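For reference, the chains in residue letters:
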Amino acid sequence: MTGANGLVGSHVCTALVAAGHDVTALVRAGSTPPPGVASARVQLTSESLAPVLADVGALVHCAAVYAYDTDPDLLAHVALDGTRAVMDAAALAGVRRVVLTSSSVTCGSSSTPEPVDEDHHPGPEPAPAYFDVKVRQEELALRLGAELGVQVVVACPSVVLGGPVHRLGPSNALLARYLLDPTRSTYPGGCDVVAAEDVGTAHAVLLERGEPGRRYLVSGTSLTWRELHGLVAELAGVPGPGAEVGPQLSAAVATAAGWWARVSGTGSLLSAEEARTVGRFYWYRHDRLGALGWSPRPARETVAVALSWLLATDHLPRWVRESLRPLPEVHEARPLRPGPPPRAARATER
Amino acid sequence: MLARRVPAAGPVVGVVRDLPAHAGLDRAVALAGGLPGRGRVVVLVALGSAVHVSPDLLHALLERVRRARRACTVLASVPTADRDAGWTVPDLALAAGLGDEVLLDPWQDLADADAPASSLLHGRTLSATWRRAPTRVLVGAAATDAAQGHALTLPVLLGLLRPVPGAAAGDLAADLLRLVPPRLVVLDATWTSHGSSGSTRADPLPTATVVAGRDPVVVDLVGATLLGLDPAASTVTAGCLRAVGTPPRYTVDGDLRPFTGLRRPPEPLLRAAGGLAASAPALARLLAAAATPPGPDADPDDRVLRALRTVLTPLLADEADPVRTGLLTSVHGLAGAAATALTAWRTTVDKDSLARADVPLGLDEDDYDPADHEAVETEVRPWVELARALPTGDDGLGWRRVDGAVVFEVTRTVRAPYEQWVERVDVSEGISLMADYLGGRRVVRSRDEQGRPVHQAERNVYLPQPNYLALSGGVGVDVVKLQVVRRGPDAVALWWRTVASPNGSADLDDGVLEFSRVGPDRTRLSVAGRQRFTVPLLWQVIDLSRYPELHDALTTDAYRQFFTTTFDNLVARYEGRPFAIGRESADEPAGAGLSRLVDLAVSWLGGAGGGPDRSGDDEPAPPAARRAAAETDELGFRHFRGGGRGR
Numbered sequence: 001m002t003g004a005n006g007l008v009g010s011h012v013c014t015a016l017v018a019a020g021h022d023v024t025a026l027v028r029a030g031s032t033p034p035p036g037v038a039s040a041r042v043q044l045t046s047e048s049l050a051p052v053l054a055d056v057g058a059l060v061h062c063a064a065v066y067a068y069d070t071d072p073d074l075l076a077h078v079a080l081d082g083t084r085a086v087m088d089a090a091a092l093a094g095v096r097r098v099v100l101t102s103s104s105v106t107c108g109s110s111s112t113p114e115p116v117d118e119d120h121h122p123g124p125e126p127a128p129a130y131f132d133v134k135v136r137q138e139e140l141a142l143r144l145g146a147e148l149g150v151q152v153v154v155a156c157p158s159v160v161l162g163g164p165v166h167r168l169g170p171s172n173a174l175l176a177r178y179l180l181d182p183t184r185s186t187y188p189g190g191c192d193v194v195a196a197e198d199v200g201t202a203h204a205v206l207l208e209r210g211e212p213g214r215r216y217l218v219s220g221t222s223l224t225w226r227e228l229h230g231l232v233a234e235l236a237g238v239p240g241p242g243a244e245v246g247p248q249l250s251a252a253v254a255t256a257a258g259w260w261a262r263v264s265g266t267g268s269l270l271s272a273e274e275a276r277t278v279g280r281f282y283w284y285r286h287d288r289l290g291a292l293g294w295s296p297r298p299a300r301e302t303v304a305v306a307l308s309w310l311l312a313t314d315h316l317p318r319w320v321r322e323s324l325r326p327l328p329e330v331h332e333a334r335p336l337r338p339g340p341p342p343r344a345a346r347a348t349e350r
Numbered sequence: 001m002l003a004r005r006v007p008a009a010g011p012v013v014g015v016v017r018d019l020p021a022h023a024g025l026d027r028a029v030a031l032a033g034g035l036p037g038r039g040r041v042v043v044l045v046a047l048g049s050a051v052h053v054s055p056d057l058l059h060a061l062l063e064r065v066r067r068a069r070r071a072c073t074v075l076a077s078v079p080t081a082d083r084d085a086g087w088t089v090p091d092l093a094l095a096a097g098l099g100d101e102v103l104l105d106p107w108q109d110l111a112d113a114d115a116p117a118s119s120l121l122h123g124r125t126l127s128a129t130w131r132r133a134p135t136r137v138l139v140g141a142a143a144t145d146a147a148q149g150h151a152l153t154l155p156v157l158l159g160l161l162r163p164v165p166g167a168a169a170g171d172l173a174a175d176l177l178r179l180v181p182p183r184l185v186v187l188d189a190t191w192t193s194h195g196s197s198g199s200t201r202a203d204p205l206p207t208a209t210v211v212a213g214r215d216p217v218v219v220d221l222v223g224a225t226l227l228g229l230d231p232a233a234s235t236v237t238a239g240c241l242r243a244v245g246t247p248p249r250y251t252v253d254g255d256l257r258p259f260t261g262l263r264r265p266p267e268p269l270l271r272a273a274g275g276l277a278a279s280a281p282a283l284a285r286l287l288a289a290a291a292t293p294p295g296p297d298a299d300p301d302d303r304v305l306r307a308l309r310t311v312l313t314p315l316l317a318d319e320a321d322p323v324r325t326g327l328l329t330s331v332h333g334l335a336g337a338a339a340t341a342l343t344a345w346r347t348t349v350d351k352d353s354l355a356r357a358d359v360p361l362g363l364d365e366d367d368y369d370p371a372d373h374e375a376v377e378t379e380v381r382p383w384v385e386l387a388r389a390l391p392t393g394d395d396g397l398g399w400r401r402v403d404g405a406v407v408f409e410v411t412r413t414v415r416a417p418y419e420q421w422v423e424r425v426d427v428s429e430g431i432s433l434m435a436d437y438l439g440g441r442r443v444v445r446s447r448d449e450q451g452r453p454v455h456q457a458e459r460n461v462y463l464p465q466p467n468y469l470a471l472s473g474g475v476g477v478d479v480v481k482l483q484v485v486r487r488g489p490d491a492v493a494l495w496w497r498t499v500a501s502p503n504g505s506a507d508l509d510d511g512v513l514e515f516s517r518v519g520p521d522r523t524r525l526s527v528a529g530r531q532r533f534t535v536p537l538l539w540q541v542i543d544l545s546r547y548p549e550l551h552d553a554l555t556t557d558a559y560r561q562f563f564t565t566t567f568d569n570l571v572a573r574y575e576g577r578p579f580a581i582g583r584e585s586a587d588e589p590a591g592a593g594l595s596r597l598v599d600l601a602v603s604w605l606g607g608a609g610g611g612p613d614r615s616g617d618d619e620p621a622p623p624a625a626r627r628a629a630a631e632t633d634e635l636g637f638r639h640f641r642g643g644g645r646g647r
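Protein chains in written order, with my numbering: chain G, 1 to 350; chain C, 1 to 647.
Non-contacting residues of chain G with respect to chain C, defined by C-beta distances greater than 12 Å in every case (computed): (1) A38; (2) S48; (3) V52; (4) D117; (5) G123; (6) A146; (7) V205; (8) E211; (9) R262; (10) V263; (11) R297; (12) P298; (13) A299.
Facing chain G, according to a computed beta carbon distance under 10 Å, are these residues of chain C, among others: (14) D352; (15) D395; (16) T413; (17) A416; (18) W421; (19) E423.
Treat the hints as calculated values from the structure; they're not laboratory data. Given the structure is predicted, the values throughout are model-derived calculations rather than measurements. Where is the CB? At the ideal position from N, CA and C, for every residue including glycine.
Extracted from the complex, chain C is given alone in its bound form (with noise of 0.2 Å):
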């Protein structure tokens, strides 16, 4: 487990406000207590179509890390927007100015991450340049962003990676901090590009201010202090304030008056935008590359981009205008309450479509040791006892109400040799294998003489329970247990406790998952347990306790069918059928099948992206003669796009 390291006196955060870049730089970093460590730096700056680190504050980085006799290297973070654009390092840097600087794309040379098993990094690759840096220095620009509120630092961290499906962007920022944390941070607010969403359309105010300090998570609190946001209102800062936090002390040295004269997205535009981003991040990220201009090595086939620039570019053109940034939000809101109500749709009938989820362990190691796993089977039997003498029905279940939480057993016996059973389903994957699992980390923490696992923590995520909650807002199932496994000649369980709820949908979560010896032909499986997870708010207003007879009609049907299908799933498992729900996301801007929706829509129209071509070009060229001046003549020259030096 990597450990954040913190100055003894706390570190200090500069702000430096109205001196020309070189100067501000110099002072901000000055104040942060200077360049930091030995050896080769490693840069990585933000580089986008709409917000760039400023020229003369690069050179006035590079330049202080050369005086100080340090080799240095500059990545470029090119946010996923951009690149979905077809925008490139070279042709980004040319625009930003910075063609006489060498920036490498850092997904040139992409390498194990060597991240610990708890981590979302765990299994995946980043740039092997920043893994392997000496020194890291984090360079962001100031943007508004209409999902986000604001886009500085802790973003570009993004960059490094490709884009990890079915993770969300604070986790993946939060697991880079841990992993591979800068050692300087310095926000470029020398102009701030604002409005709806500065960070795709770029629409720069001068603000001459330079931050600079250890710690992101702090520097993007002073950050959007300055824009006058709120920091928790980007899901990236919130995540990381979250899961890493900031350090237990520290000292803003400047003027942290918000900026005068700056646009910000409108509340209702933020919320839609978000919610968007929340319930269907595929669309949202389609969307966003459709609010950003195409790049010059942009498919020029892509009919999908060209549709919805018809439609955003005008909604975007003039943000003064009430009813266009009205409009805009429609847009947005609309898409965002179809993918929710899309959502609910394959939560209830189609979970074979759904999203599969990847999510870091969700808590510290350190704070867990083998005692408390031991301890576990101790907390938790009382309950799995009660459960066990409960009188159950014919389809083997039988539960009761303790202070609000359900306390159950069910049962069923199936037609299996005990030993085959237990060759082929691994109760220590036992959760992993329950109905409705959408994804998780499982981390084993010890084993026994013949490598099984003992000692487990796990993080879990489920649909909605019962699944008709979806309907009415309610949220998946997200907690994280700690578990032992106990192994013996007729019997093997899982016991696991709840420790915590990152979405707090759960209070309580604790029981036994168990495999057992019936005779010689037969295995008896058995889940008990104690459960209370949180309801939505409209059932907490409805306050199904007032009619006791549906209340317990509903949980027992919901009961029976959540272990139906888990046993069902088990012997699934058992006789090497797929069962599980969900699909891998697809890395791409909008999977295949949206794509096919927005085309058919476009054909459907008569080619309404056929329209005038607002991507900046003067003409949109004939396909086939745009790519073939990317390549050769008919003199076999081939010709390639100049500017810059990036790889």
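So here's chain G without its partners, still in its complex pose (with noise of 0.2 Å):
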């Protein structure tokens, strides 16, 4: 698989793991590879990709940049080049299936509090660069497995939320984002949220049992936004939600957001292609993939994770982080990673 060391790409591997498959996590060179995998050091080109893909059965596509405001060129190039690669050293390795990590985002949106399915698609509403992207990725899989005798399906995820959060990801940073909202807003319109976790599993279970070329929902609980925050704040033990924002305070609010994170050199929490997505309701169905035994769990266990990981991160200020009053069942809600044992340091002593 590549992307293991992603939000997503970590849990496929658990998962895959966990159902029995030997796995093998394709890394970049100067990364970390996953503990307790087998790992290759790659580029995603097919003269690199080809020699270890070799006496492979299936190989799971996650590496990908999810990102806002970013290089459209660059997104293309990891999301097209990149799956172009994957795809003919598949075919050129005999590698039976890919399944593809795209994004729900592919099935388009409403403006109704209305899910969706996986016949639907984008409309003429406005799309970040990284929406197109992922279409135009699905599109180039999908054909050039037809092309190339490799079946492909093709797992869409809606809003990932959990840990490990090394990297703030759009996904978690909705949640950041309300923590670090002094005025506790909350924007019109709503998305699905599903676990990390469970988008793993769904993983493993479209490496089984997903029909060649077709596209699955993996999507959890859809919220509006006011319920999503509404939860954080209940979890988190802060106020609100409050006032709703609309698409144009929105946007002056990440042209704001995204001035502070150059004058302080860190990241915007919001960008102003997010700013033009609000309002629209990001809905979705999974019967699809439900009909193949999967379940999320639901989606306030998915945010007290996600919090849970969030506060074991430096992405919230000290300040902020002890200003939550966070309920028992965030701190129960995930296993620690135990540090490696510390070295016998005696204390001073007479």
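Quick one: dock chain against chain with the hints and give me the complex.
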């Protein structure tokens, strides 16, 4: 699999191992491979990939750049050139099946609070460059699969929440943004949240039972933004949500957030592209995947686990973390990851 | 633990006035019981740009040592402000007229202090020559000081080692007194540098007095009396009085009337400068360096010090001018107020930028034996049982007030197997893992067969609790505890009882931290205890007990926040993540941030520091040329600065 170090990829890797598969993680040079599985350092080119794919039965392609307000050429290069390289290498090596990690945004959105399914496609609504690239990536993978005789199954996760949180991606940033917002404001519209662990399990199911050439929405619970922010507030022990901020004001906030990010040298928590999606309902049904025996955990548990991971990082400043009053279920949401045992350091002694 | 030797008859402090230095020294030392001990004598003398031992007195002392046929080594204690201003021992010796004597720099032979674990000096280095000296003689020079009131003999001890970040000067001096005490102390008051800050700006007044004794604390008490100043105005003297005290009996033989004509630091300046030194030691150190004329080897490119000298030098030029003195007071006062406000801000929203504290243990270990440690659990358990019987909320916190103290228990269950938890989170360190811990010292007094701590004494320094009290003058929590660790197959616990609070911040702070097994893959964390902290004056006046609902809500919120963070810290320790607040104090005049700030201001103001150079040089030499002149010229000759034979 590629992308095993990412939020989704790490859970895919875990789920595949738990399902009894022999997993090799393909990582970039300079990256730390995930623990407990074999690994190989490659570049996303067919020349680099083909040799390591010999005797591989299936490939899960998770590697991606998930970001907004990013160079579209970079997004396209990784998503399209990388996918082409993966498919070419898979075909050369005789890999039977490829599971592609796409995104639910390729199924578009709705202006009303009605979930859509795999047969829905994006309309003329404003969409970030990331959305467009994922649509093109899916189309490319499915076409190449048909041409090259490789089975392609497409997984389309919605907003993936969870950890471990090394880089604060746009999904977990939704929670951080609310906790950092002193006004505790919310937005019109909504999104669908799914636990990273469940997305991993979904990939294992699709690898084994997904129908080639089909897309599968990996969604959890569809919530309005107010419902999601209310859940975050309750679990984190903070007030709100308060007023609803429409698209125009969101755009202004995004501009200010971008300025502050440049001044402070930190990443912006709200991009202009994201602001344009405010007001839409990114709600999805997972009936197709459900028919294969997969089911997601409740949203409350998903958010609690994500919060638990977020609180173990510096993505929230100390003074914000200390101002929260998380419920016990947040603290108990995730199993702790033990660090190395300390060396025997004796305290000072008489 | 080192004991202080007390002569059976009580020491005598001799005060000799109106005699030449030679005769005065002889008589004062004779009154104090003569030159003590046998073998080599190591003399530590005050040597600063403004204040130094007089050549006549030092020569008289060395002659006395030589007459006794004893070898002698002289160490020069250089004030930090002088080192920061670029002065070296050879330069100072030359300037002081001591160029014909060999004066050694204590910083050139630093070695492990070999201090007990309870001491600030543990793990640090100090002058090996002084440490190993058979007989130590301390010679200070009399001066006033803007921040401390006076600088006599005790501050001279601080020159034996490099500045200790985060440590109070009084604590350091007290530990030096315990570890490497002098056996003879001489205060050279043949001249007294007086005025607003005689310790940094020489303004000599002939006072023709020599004081000699066995105990530097008593000698400084006498010296402060002669200067007409409160001895405890100096935090160094106050710290030594508190931690070491004076001999139970002593005699002062001589005239104790204050010197006439001596100008003392004005009280407002004393308060302002003292407040700045307490609230912002790094900034105070920078201002002291700026108030000190630069040494010959000072960095000519130091724009920070040059800019500050441009401001300070005119204010120090004429002490008779009340306007200048008022402005000087204002500079210190404003800087201190800004520093206090900055600290309050950092306490609430930027804890990682606070300087960590380094403190001695704060109790005499000989006063407590193993039975005292064993008794801790017995004494604290009734309150813990009461706390555990309280109803708890969903957040695991339960509490109530008993006689003004808060009795509480708070718990959290974590998804970590018990064995893995106790392997990674040592309960004996538990107090230092709690929220807002700024520093402290833990001394293990006994261990079990597996080498694990059983009896401990610990001193802990925390931020004000709740943190917002810092905005209204709240001080941090500073407590000293006796502890005992209990270990069983399914639980470990650290019990503690507070026996002292050096800053009076706590009446009661007793409790227990426990880790216990819950099934195969969970561990329960709990803290229970009884606490009563001192409330800042503003809140005493408000008296929240008159508003019980508000009081209870604030108390609940404070405990919930503190222990949420504490449990988060324990989890971070388990997972191997950083969590501690604060930073190690940088051992430099002001730290990079402050230097950048001043540098920015200088640039913005168009190089205000580049105005007339009042450092004493006729012309500021181009930096490169000045450096080149100190090194190699165009003919290849290397030039060394001459004068004195000090190393």
